[in-house]
Structure formats: C-alpha cells, structure tokens
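K.L.:
What follows is the residue order along each chain.
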Amino acid sequence: MQSELAGIVDAIPAMVWTVQADGRADYLNQQWLDYTGLSLEEAYGDGWQSAICLTDLPAVLDYFRALQPTGKAGSIEARMRRFDGTHRWFLMQCSPLGDDSGAIAGWCWYISHSELDERRRTEALLAGERRVLEMVARGRPLAVILDALCVVVEAAAPGCHCSVLLIDPRRSAFHAGAAPTLPSGYTTAIDGAPVTRTVGPCGMAASLNTQVIVSDIASDTRWDRDAWPALALAHDLRSVWSTPILSLAGNVLGTFALYQQEPGRPTVLHQALIEQFTHVASIAIERAQTEAALRRSQAFLAEAQRLSSTGSFAWRADSDEVTWSEELYRIHEFDPSTPMTLQLSATRVHPDDIPLFTASVENARRGGGDFEVEPRLLMPDGSIKYVHVVAHATRDDTGELEYIGALQDVTERRQSQDALDKARSELAHVARVTSLGVLTASIAHEVNQPLSGILTNASTGVKMLADDPPNVEGARETARRTMRDARRAADVIARLRALFSKNGGVIESVDVNEATREVIALSSGEWRRAGVIVRTELADELPVVSGDRVQLQQVVLNLMLNASEAMSGIEGRARHLTIRTEVDDDRRVRVSVHDVGIGIDPHNLDRLFEAFYSTKSGGMGIGLSVSRSIIARHNGHLWAAPNDGPGATFAFSLPVGRS
Amino acid sequence: MADALLVTVVDDDESVRESLPDLLGQYGFATQAFASAEAFLASDCIDRTRCLILDIAMPRMTGPDLQRELTRRRHHIPIVFITAHADEIDRPKLLDSGAVDCLLKPFSEAALLDAVHAALGAR
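Chains as they are written, first to last, in numbering that gives the first Met the number 0: chain A, 0 to 658; chain B, 0 to 122.
It is worth saying that the hints were derived from the structure and are not from the lab. Among the hints, erroneous ones may be present.
To be verified - Quick look at which bits of chain B chain A covers, simulated, 3 or more residues with Cβ under 8 Å:
1. 20-28
2. 50-62
3. 96-106
Each residue gets a CB set at the ideal place from its N, CA and C atoms; glycine is no exception.
Given only the sequences and the hints, what does the whole structure look like? Please build it.
P.N.:
In structure tokens, the structure reads:
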C-alpha cells in the first residue's frame, strides 16, 4: 500500500485491516494498533485474531469462511479487546479486495463506528434498561413495562420486531404481553393459544424450556403439519428466535421473541440482547405477579377483617406512631383518611372506661408486654360498642418497643349472650318439666305411700274408737301417725314445687349433702321402680357451696336419671348407682354419680354435652347440656368418664362457698 | 291369740308396717311385719302365715321375686299384692300367677278386708 494512502487510512477514525484468503493479516492501520495495544509484529498473520473476544472469534471466522465463496461484502457484530483488556461490541464490516485483473486478492476488514458511537449505543441500551427497571420499581402496569422493553430492544437491534408472550399457568395458555411493531393480525391469532410445541417456536420454546431458532420460516420443516408457518409468512415474517423467560425458581413465565422480515440467525450481539432482556422481562413479570398476589392477600385480609369485625393496629410505644387497618376505622366510625393518633382513638373510649384504657396504655408504654382489655366505645350517636383488644409486644431492629394487636367488635356477641342466657333458662325449665314427666310415677309413689298410711291409720283409729270401751290410747297413736304421714305428703309436694317451679336464681349457701339427700328422697320411688339400688357415700363435714340450690338439685337428679337409664337394659348384675360427695385435691366440692350401665363411647364424650344430642330413643338430649351450663354458671365443671369396670361416672365440682 | 290366723305384711315402707298390722289386729288377725322379702324368708313365720300382704316394688328382692321363691319352696301362701305404683302393675298377669288380689295404695279398709277374706277362703 502506498504510504500516502496509508497515512490517510491511519488518520480516519476507523480500524482497518486486510487479510489474505487464508485469513492471515498483512496490513493493520494505526487506529487498529492504538486501540488493541498490539504491535504490528504481534498482529500480523493470525495474530490479529487475539484482539477479537475469544467467545466471539469462532462465529467471526465461520462467518468469514462462509462469506468468501460469495465474493460479497458482509458484516458481523463481535467484541474487540481494547489495550486495557476491556471488551466492546463493534460492527465489523468485511469487503473483498480485487486485484488488477478483478480477481479477489484479499479482504478488507473495517470498523467504521468510532468507539464513541459504540459507547453511546451501550449507554443508550443501559439507559433503556434502567428506564424499564425503574418502571418495574414504580409498579407501572406490566403491559406498559413490556411495551417499553420492546421499544428499547428494537432500537438496539434494527430490523427486529420484539414480542413478549405471557403464560397463564392456570389455563396453560399464552396471553399477549407486548409486541408493539408486530402485525396485530399475527399477535391476536397467538393470544389465547395453548402452550404446546405445535404453536410455533414460542410454544416450542416454552414447552421444551429451551431457545428455538427459526432462521427461515419458509424452509423450516418442524411445523409442517401446523398452521403457524402460513400465519407467519402471511404477515411477512421470515425468521424468529424465541427464548423462554424463566422465573427465579426456574418456571417458564413466558417467551421473548425477535422476529425479522428476512431470513437470519441471531448474532452474538442479538444473543447478548436476548439474554439481558429476558432477564429484565422476568423481573418485571415476577414483580407483577407478586404484586397481584399481595393485592389479593390484602383484599382477603380486608374481607376477613370485615367479616369478623376485627381490625388490626400497630403502635410504637416511644413515638406514639399509630397505624390502623381499614376495619379499625370502620369500627370506630372514623374517616379512613384521618391520620390516627392515640389521643384521637381515646376520644371514642367510653368515659367510664378511660381509667382502664389509660392504665393499659401506661403499663404497655413502660414495657409491660402483651396485654388484653375489653373497654367500651361510645359512638357519636350515643350507642355503645363492646370491643376486645389483644396486643403483642415486639421490638424492632433498633430495639424500639412496638405493639401489634387486634381489636374485635364483640357487641353482637354480648347482645346474643344475653339472649342466650334467657333461652338457656327457658331450656332449663323445659328440662325440668321433662324430668317431671319421667318422675310422674315416682311422685305418685311418694304421695301414695303417706296417703296409704293416712287412710289405714284413720280406719284403725275409727275402729278403735268404735270399740266398747273405746281404745282412746290406740286411737291417739293412729291419729299421731296420720298427722305424721300427712306432713310427709305435704313435704313431698313442697319439694316438688321447688324443684319444678320456674323461679330460681336464689343464690344461697347450699349443703350439698343435704340437697343430695332430698333429691334421693324425692325420687326413691323411681329407683325402686327401675330396680336401681342407690348407695350414698356422703363425705362428713363437707363445706357448703354458694349457688342456686334448686338448680344444683336439678343437676343431681339429671345425672341420677341418666345413670338409671344407662342401666335399664342390664341383667345379671345388680344395678348399683353410687352417689358420692367429697372434697377433691383442688379443695372443691365434688359430686360424682357412678353407674354400672352400658357405659359411654369415649369418642362421644364431647358430644354428650351438646344440646339435642341423645343416645336414648326417648330422650330430648337437653338434660346434660343444661346441666353443664348450670354447673358452668356456678363456676364449676361437669364431666364424664368411662369406668374401669362396667358403666360410667358423671361428676361435677364446685368452688367452696363462703359459709 | 294362739288360734288367730296369721297375716304377714312385707313392705319396705315403715308407715305401712306400722299402720296395716294395727288395722288388721282390730279385726282379730294376728300380724307380723317385715321390711324386706329376705327378712321374711329368714323368719319362722312362713309356715304359719295364712295370708301374705306383699309390696311389689322393693329394693333387691321384689314382691314377685318372693312369690316365685315361695312357689319354688312349695309354700302355697295366698298373696295380696299392694303397690303405690299404679302404672307398673300388670294386674292380669299377677292374678294368673296365683295372687288373690292386687291393691293400689291408698286402698280402703273394705277393699283390704275383702282381699284378706278372699285369701283365707282360697285355702
């Protein structure tokens, strides 16, 4: 090369080098040497190849070998290594050099873009990527983000049409992500298609989880039996490279595809773009999915709070910073946009409960730990709400005390509790009347016995007075017995009236032994009729309990009737019913009724006490349920247990009362 | 009253054991009272008893139980059952089994005497 020409070539802002047909370099300009930092001696021959990025070199050489027979000019993108060891992307152009006869004497390579251009392009790409990631961070809609992503990619890869398809995992179908420059006729045909390998390269890439390159749609045979090639060709698409977009966990979220209107394979630059932007797309899609899941769970939470009338709150004890859930605003009837403070929330607390509220707050502020209070709220319209507050103390990273808690509106429960108490008392009456029916025979017996004595004694007395001389002493004795039996009959009637009257609720000191004896006396006919032998083991010096005597007697009677019922089918062994009173280990008065009947199924232990649960064909199943509620109202406990031997034991215990 | 006919009362109710013998005594019967079937079986009154006034419902051995036991021992004592339970009596069945009568407490003096006389006549 003439030196003058060489000087010019050295001056232009381009790297130029020539190679012979065998690929060996015989000329490199000063720009090339300056950029790579190589000397002429090092670069001559095959030496120039060491300035091409090792990863890209095979593609460059392949390309060159393929270009040579065509005798045409071409270009390939590859990274060059700079003198400082950094790599930069360049468009390397290659043109044949003719000799005087017009035959190809060698090839001239040149890189016309200055490094500045290349840097600008890199910066533009980085800026584009940053813009997209910023949109992700700001929570912009996914479709908008993916559209912007396609625009950035298309600017960096001229001639490419970028498409992102998303996969709906529930239906295993594609839906449109973004494809701003693809024909809409094409994209709408793919939208909603199943994720299968027959639906073009995107379906194949997604279902096989691998990149699919179609360099010429017209000649590719993989979709011969499918509609896709005709669809693509009808929209002037000739090549497409589709890559699966993977989540962090490795699941296929969608596909990222570059379409061209010419046949072709992706260059190294294209592959780098694809790698970079499938990753960005993955971040955008995962973030959108996470946000959707978060929104859904927030919606669930809000709905759950509304349904359960429960709100949640956070309170920083040091700064008094308060955060309320929407439901908490609703319960307190504050506008949700009102900034919440402890002082503001206190304005809703019922004046009578302010001391309770203040004490709880002060105690919590001093680090009192978890707390639970049930203050009343006074609403602006004068109505009262009952709320139940539970708070848990935590410390954040800086050690600041924070309470996380829940507040439930229990007004309705309080009101229904009152209604329930009323219903329960009526139910108890029904149960008593039901027992009355069961005891009719026993009552008749208890009344008929003294009546029989009265009648017989009176007859005897009349006969004695009619004697001559009248037996006055004998008649006096029979009259005395008549009076005694009449009192006995009157007692029975009085006890009955007490036991079955609807009145109750008189709290008094009750001698449980005495009360038990009365029940047994009243019902003795029933046990006799049922063939049940009642044994009593009543503790001496049993402390009194405080309660409703009649109700407690009702429970004893109920348990005895159940025990008798359980033994009704027992033959071959005595039907023993043992009723025992004692002071248990917890210093409570315990009454237990032990039978030798059919026993109870341990699986049904809990159900036994449910209202209307009955194993008896004729039973209403309210006896035990009512008994348990009576005992519960006496702060006691009623339970059942199978015996070691035959039968079961029903027992209750009550706190000792003040005598 | 060595020749007086012995009427025995078996009832767990004390009031009956007090009043019934006194009334029967007014009509010239000798009487004995027992609080349970077992006590009667253990006594020496079985052979001398001409009429047994027997309560049906008693703990342990019931009236009908005693009736069966006496039959088993071949003591054919006429029995008048008494009971305060109106609804548990299968009266025809009791009469079929050899009982002379069955009285519901409270019963009248006349009903008692009729039943006792019927029992004595049945021998």
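K.L.:
Taking the numbered hints from earlier one at a time, note which ones the structure violates and give those numbers from smallest to largest.
P.N.:
none
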